[in-house]
Amino acid sequence: MKAQDEVQVPYAVVSYSAFRTAVMECISAGGHPFIVIIHNFCGNDAWAELVTGVKKGLKELNFMDVQITGSTETNFQLKQSTVGLTVLGKKAMGGVEVPLNIKKQKVAVIGSPLVGEAVRDRPEEIASLHLFDSIAQISGVTLFPVGSKGILYELNQAFSENMNDRQVQTDVDIMKSSGPSTCFIAIYPKNLEDRIQSEAGSLFHPVQFEV
16 MKAQDEVQVP YAVVSYSAFR TAVMECISAG GHPFIVIIHN FCGNDAWAEL
66 VTGVKKGLKE LNFMDVQITG STETNFQLKQ STVGLTVLGK KAMGGVEVPL
116 NIKKQKVAVI GSPLVGEAVR DRPEEIASLH LFDSIAQISG VTLFPVGSKG
166 ILYELNQAFS ENMNDRQVQT DVDIMKSSGP STCFIAIYPK NLEDRIQSEA
216 GSLFHPVQFE V
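For the sequence shown, our numbering gives the first residue as 16, with consecutive numbering after it.
These are calculated hints, taken from the structure and not from any lab test.
Please note that a few of the clues may not be correct.
In silico EDC-like pairs for lysine to aspartate or glutamate, Cα to Cα no more than 20 Å straight-line [unchecked claim]:
1. 105 to 148
2. 118 to 80
3. 70 to 148
4. 191 to 136
5. 119 to 209
Estimated spans, in silico, between C-beta atoms of each pair [as the list claims (entries may be wrong)]:
6. 18 to 99: 32 to 40 Å
7. 223 to 19: 39 to 47 Å
8. 109 to 175: 22 to 30 Å
9. 99 to 71: 14 to 22 Å
10. 77 to 108: 37 to 45 Å
11. 119 to 179: 32 to 40 Å
12. 155 to 175: 35 to 43 Å
13. 204 to 88: 19 to 27 Å
14. 86 to 190: 16 to 24 Å
15. 106 to 74: 17 to 25 Å
16. 50 to 119: 19 to 27 Å
For glycine and all other residues, C-beta sits at the position ideal for the given N, C-alpha and C.
Go ahead and model the full structure; you've got the sequences and the hints to work with.
Written out as structure tokens, the structure reads:
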């Protein structure tokens with residue numbers, strides 16, 4: 016950490032959080048990660064910790080064959096920590112995407128939207144990477160990781176109805192930031208609901224619409 020960092024957390028936490036979001040986006044798009052690229056502007060001493068955070072995420076997913084590479088900027092020093100992280104994946108050609116229809120499919124939020132200290136203090140409400148990948152492997156399910164713009168934003172990315180917060184009923188805050196993708200949206204046919212609810216357990220939050 017650097018003295019002027021506004022949030023004082025270990026670099027392993029920073030890289031793990033960045034990896035979560037990137038790898039969930041990769042998997043939700045149908046990709047299988049094969050390399051993680053770290054862009055380190057925190058100095059040479061931070062590299063080992065950054066790699067540790069990524070390895071933690073890979074272990075959760077049991078992706079032990081994924082390569083970790085990257086570079087460290089040493090020509091100049093920044094006063095605050097800066098890290099970029101990219102996950103590259105391979106996707107099979109010829110797959111058929113499931114069309115999304117808000118009136119014909121079921122929707123649930125898995126996990127809770129958490130940000131800041133809540134991520135540290137309420138880990139039991141966070142959807143694990145293992146759970147995310149497990150549900151992603153179910154045929155007919157479409158997933159949307161939720162980031163800083165919140166659940167409602169992602170719902171409007173998924174569906175064309177352009178809904179407002181009064182049209183969405185669920186027991187989690189749909190306007191709140193989800194920080195490092197502590198929750199995700201699952202869209203699926205009705206016959207899969209029992210299976211998904213069983214896998215998610217207490218993290219399962221059904222969503223209803225008035226459209």
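Hint-by-hint comparison with the structure:
1. 105 to 148: holds, 15 Å
2. 118 to 80: Distance of about 40 Å is beyond 20 Å: violated.
3. 70 to 148: holds, 16 Å
4. 191 to 136: The given pair, whose Cα atoms are some 17 Å apart, holds under the 20 Å limit.
5. 119 to 209: Holds: residue 119 and residue 209 sit about 16 Å apart, inside 20 Å.
6. 18 to 99: 32 to 40 Å: violated, 21 Å
7. 223 to 19: 39 to 47 Å: For residue 223 and residue 19 the Cβ distance comes to about 45 Å; the hint holds.
8. 109 to 175: 22 to 30 Å: holds, 25 Å
9. 99 to 71: 14 to 22 Å: holds, 18 Å
10. 77 to 108: 37 to 45 Å: With a Cβ separation near 25 Å, residue 77 and residue 108 fall outside 37 to 45 Å, so the hint is violated.
11. 119 to 179: 32 to 40 Å: Roughly 22 Å apart at Cβ, these two residues miss the hinted range, so it is violated.
12. 155 to 175: 35 to 43 Å: Violated: the Cβ-Cβ distance is about 20 Å, outside 35 to 43 Å.
13. 204 to 88: 19 to 27 Å: violated, 48 Å
14. 86 to 190: 16 to 24 Å: Taking Cβ atoms as reference, residue 86 and residue 190 lie about 38 Å apart, which means the hint is violated.
15. 106 to 74: 17 to 25 Å: With Cβ atoms ~23 Å apart, the hint holds.
16. 50 to 119: 19 to 27 Å: violated, 37 Å
Comparing the model with each numbered hint stated earlier shows that hints 2, 6, 10, 11, 12, 13, 14 and 16 do not hold.
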